[in-house]
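In order, the protein sequence lines correspond to chains A and B.
If you read the first sequence in the numbering used here, its first letter stands for residue 2, the second for the next number, and so on.
If you read the second sequence in the numbering used here, its first letter stands for residue 2, the second for the next number, and so on.
Source of the hints: derived by calculation from the structure; they are not laboratory data.
No residue lacks a Cβ here, since even glycine has one placed at the ideal position from N, Cα and C.
Each hint should be verified, as a subset may be incorrect.
Listed below are several chain A residues computed to face chain B (Cβ distance under 10 Å; list not exhaustive) [unchecked claim]:
#: 1; residue: Ser53
#: 2; residue: Leu60
#: 3; residue: Gly66
#: 4; residue: Leu80
#: 5; residue: Thr91
#: 6; residue: Asp117
#: 7; residue: Glu135
#: 8; residue: Leu143
#: 9; residue: Val146
#: 10; residue: Leu186
#: 11; residue: Gly250
Below are the chains, spelled out letter by letter.
2 protein chains.
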Amino acid sequence: MAETDADVASTGPVETQQGTAPGVDVEGWTCPMPLRDHDRIVAGHGGGGKLSAELIEHLFLPAFGPAANGATPTDAATLELGSSRVAFSTDSFVVDPLFFPGGNIGDLAINGTVNDVAMLGAIPLALSTAFILEEGLELAVLGRVVQTMGRAATAAGVQLVTGDTKVTDTGDGSGLTVTTTGVGLIPDRVELAPGRIRPGDKVILSGQIGDHGIAVMSVREGLQFGTDIASDSAPLAGLVAAMLGTAAGPGVVHCLRDATRGGMAASLCELATSAGVGISYVERSVPVAEPVRSACSFLGLDPIHVANEGKLVAFVDPDAAEEVLDAMRDHELGHQAAIIGEVVDDHPGIVVARTGIGATRVVDLPLGEQLPRIC
Amino acid sequence: MAETDADVASTGPVETQQGTAPGVDVEGWTCPMPLRDHDRIVAGHGGGGKLSAELIEHLFLPAFGPAANGATPTDAATLELGSSRVAFSTDSFVVDPLFFPGGNIGDLAINGTVNDVAMLGAIPLALSTAFILEEGLELAVLGRVVQTMGRAATAAGVQLVTGDTKVTDTGDGSGLTVTTTGVGLIPDRVELAPGRIRPGDKVILSGQIGDHGIAVMSVREGLQFGTDIASDSAPLAGLVAAMLGTAAGPGVVHCLRDATRGGMAASLCELATSAGVGISYVERSVPVAEPVRSACSFLGLDPIHVANEGKLVAFVDPDAAEEVLDAMRDHELGHQAAIIGEVVDDHPGIVVARTGIGATRVVDLPLGEQLPRIC
Numbered sequence: 002m003a004e005t006d007a008d009v010a011s012t013g014p015v016e017t018q019q020g021t022a023p024g025v026d027v028e029g030w031t032c033p034m035p036l037r038d039h040d041r042i043v044a045g046h047g048g049g050g051k052l053s054a055e056l057i058e059h060l061f062l063p064a065f066g067p068a069a070n071g072a073t074p075t076d077a078a079t080l081e082l083g084s085s086r087v088a089f090s091t092d093s094f095v096v097d098p099l100f101f102p103g104g105n106i107g108d109l110a111i112n113g114t115v116n117d118v119a120m121l122g123a124i125p126l127a128l129s130t131a132f133i134l135e136e137g138l139e140l141a142v143l144g145r146v147v148q149t150m151g152r153a154a155t156a157a158g159v160q161l162v163t164g165d166t167k168v169t170d171t172g173d174g175s176g177l178t179v180t181t182t183g184v185g186l187i188p189d190r191v192e193l194a195p196g197r198i199r200p201g202d203k204v205i206l207s208g209q210i211g212d213h214g215i216a217v218m219s220v221r222e223g224l225q226f227g228t229d230i231a232s233d234s235a236p237l238a239g240l241v242a243a244m245l246g247t248a249a250g251p252g253v254v255h256c257l258r259d260a261t262r263g264g265m266a267a268s269l270c271e272l273a274t275s276a277g278v279g280i281s282y283v284e285r286s287v288p289v290a291e292p293v294r295s296a297c298s299f300l301g302l303d304p305i306h307v308a309n310e311g312k313l314v315a316f317v318d319p320d321a322a323e324e325v326l327d328a329m330r331d332h333e334l335g336h337q338a339a340i341i342g343e344v345v346d347d348h349p350g351i352v353v354a355r356t357g358i359g360a361t362r363v364v365d366l367p368l369g370e371q372l373p374r375i376c
Numbered sequence: 002m003a004e005t006d007a008d009v010a011s012t013g014p015v016e017t018q019q020g021t022a023p024g025v026d027v028e029g030w031t032c033p034m035p036l037r038d039h040d041r042i043v044a045g046h047g048g049g050g051k052l053s054a055e056l057i058e059h060l061f062l063p064a065f066g067p068a069a070n071g072a073t074p075t076d077a078a079t080l081e082l083g084s085s086r087v088a089f090s091t092d093s094f095v096v097d098p099l100f101f102p103g104g105n106i107g108d109l110a111i112n113g114t115v116n117d118v119a120m121l122g123a124i125p126l127a128l129s130t131a132f133i134l135e136e137g138l139e140l141a142v143l144g145r146v147v148q149t150m151g152r153a154a155t156a157a158g159v160q161l162v163t164g165d166t167k168v169t170d171t172g173d174g175s176g177l178t179v180t181t182t183g184v185g186l187i188p189d190r191v192e193l194a195p196g197r198i199r200p201g202d203k204v205i206l207s208g209q210i211g212d213h214g215i216a217v218m219s220v221r222e223g224l225q226f227g228t229d230i231a232s233d234s235a236p237l238a239g240l241v242a243a244m245l246g247t248a249a250g251p252g253v254v255h256c257l258r259d260a261t262r263g264g265m266a267a268s269l270c271e272l273a274t275s276a277g278v279g280i281s282y283v284e285r286s287v288p289v290a291e292p293v294r295s296a297c298s299f300l301g302l303d304p305i306h307v308a309n310e311g312k313l314v315a316f317v318d319p320d321a322a323e324e325v326l327d328a329m330r331d332h333e334l335g336h337q338a339a340i341i342g343e344v345v346d347d348h349p350g351i352v353v354a355r356t357g358i359g360a361t362r363v364v365d366l367p368l369g370e371q372l373p374r375i376c
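Construct the entire structure; sequences and hints are all you get.
Below is the structure:
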């Protein structure tokens, strides 16, 4: 498994970031490598980190031109279709191996897109499924994946309404990738967007992080280290509905983001940038299962950068944060929800973690991904 | 390039189809090979022919279970979202080579999905784009494809609103696949569906067939035969709007289908089956460019099975067929539109072609595809 992103990181110049707020610890800050220094795709371009962001900014947006309407593409878009507000999101899945503890590429593909739609507060309704299969793939493998997709869709309350299948003659016959696209209806009064995040907002994390990444890693060739960690893949639309349905009303929830590729850190960094706010959280408030913490320690990873498939971060009005937190803890996918930090006026665009010894450190968007082909 | 579908066809038993109407010529009829005789994916499973249909019927639908709602997935679905009727469609593109006369994978991906949405009479509004790239792909290649997508989207009047990029470490570094999913708004009074096709309806073809398939084939390794045929890739939403906008009203157009994988023959066969009607057309009425006819003759192909990317077949009330035809001919993408046949009471589910010498032959859904990786 090529860890190209790590190679790239080690060859990149390390510079002090310009324009950071005074007093911010810039240790470990990596200067994003300009796209023009690459002439080929590397693994990190698909990792949801800086290289992905650069590919969007320097290649996709200029090349799409007016068709992209100048907007930075996000995980999900809001469309005005007639009198309806519709959430619309797509994701491709290139997981290796296809099957891992707690799930397979099938439930990832359903839950991943359901969750992107749910993060806009929408009720997911319908999904499309587009498969690219390699010649020689065993039908039994495809059948197991598709069966899992059917069950996951039923569990998430979405219909699989249209699809496509293509076959390639490249590869070794084990390849199965799937792209799911979802639509959902955004209820009246619900408006979730980075632009609604305000200083003072509480940051709530819905549960323990790192399970999915470590579950996949545990079955990767050469990385077996015997853990009983299972992927946390789950549909979050029900949890979101519970959060929006408190007596405080949906308006107190300002923004949601599921913490997938790049982990919780990537979600917080992206939102700090797009909302133009600082985010500060307390490291010891972040729930991490002990086996995940051990595996991360063994592998030299930070759990905040490891992928999840059933966790979200929420930005909530401080006056209603406890009420929303209670609603989350009453839901089966939010038992371990915790307020981990808050939005601050200082250091806009920067995420800082307060460590156990009272220091703060800057949390940076990873360059690529710690583990390719994870979702 | 593996032509696995041809191998499969040659090993399949040739039997007389049971239950065909008396008097139908069953020469050349191939018994669909049951899925249970395969245990692995072959190229034809992605070809849009019988093998694709079997994969849907015998694997996808049973495995999806209730999530598929018992409905056979089609190229595009109609969703009721609030008070809006929305067309929703997805397609993956695995074209080899990426660039060919008249276009590249980028405009195919935009136009293909725009057209699937337009075939429901919808006005295409927004598309998502999901890329799966191989490590080592030249950014310049990606850039050219993406630029083409931007121009094609602008030409088709759609916005590219959300997307995803994943990178794989398999393959030789030349791989680029893209999945586009589109949504469009279906105007009031527009209802296009196979169930509206009636005996007596005229069958209108929007222009000459086979250009795309022959254009791609002409640049395939080992298949160069020097022709100036360019792909017909084009967005058909404007042509559809012209057809629905005649004084006769949108109701006279009963059903539309773009003739892509599997060619015009696959579109007619699928609609004859799903509408439960017979279709009869006159071979010499079908426009085919002379270089395409020559190339097909040289390769032993029938143009009716060769892929198109900018042609549709329409089923229109006979009293309004001339008016709709005139509207098509006034549109730049319909100059060569022609009434090629009609829907008949006889032989439900069967398509027959009337040949130049007055005979009729049964037109069958191809088993796989004549040319893999064409769209």
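Comparing the hints with the structure gives:
1. Ser53: Because about 6 Å separates Ser53 (chain A) from the closest Cβ in chain B, which is inside the 10 Å limit, the hint holds.
2. Leu60: 6 Å, holds
3. Gly66: 4 Å, holds
4. Leu80: Check passed: Cβ of Leu80 (chain A) comes within 5 Å of chain B, closer than 10 Å.
5. Thr91: The hint holds - Thr91 (chain A) has a Cβ within 10 Å of chain B, the shortest such distance being about 4 Å.
6. Asp117: 9 Å, holds
7. Glu135: 7 Å, holds
8. Leu143: OK, holds: Leu143 (chain A) within 10 Å of chain B, min 7 Å.
9. Val146: The hint holds - Val146 (chain A) has a Cβ within 10 Å of chain B, the shortest such distance being about 8 Å.
10. Leu186: 5 Å, holds
11. Gly250: 21 Å, violated
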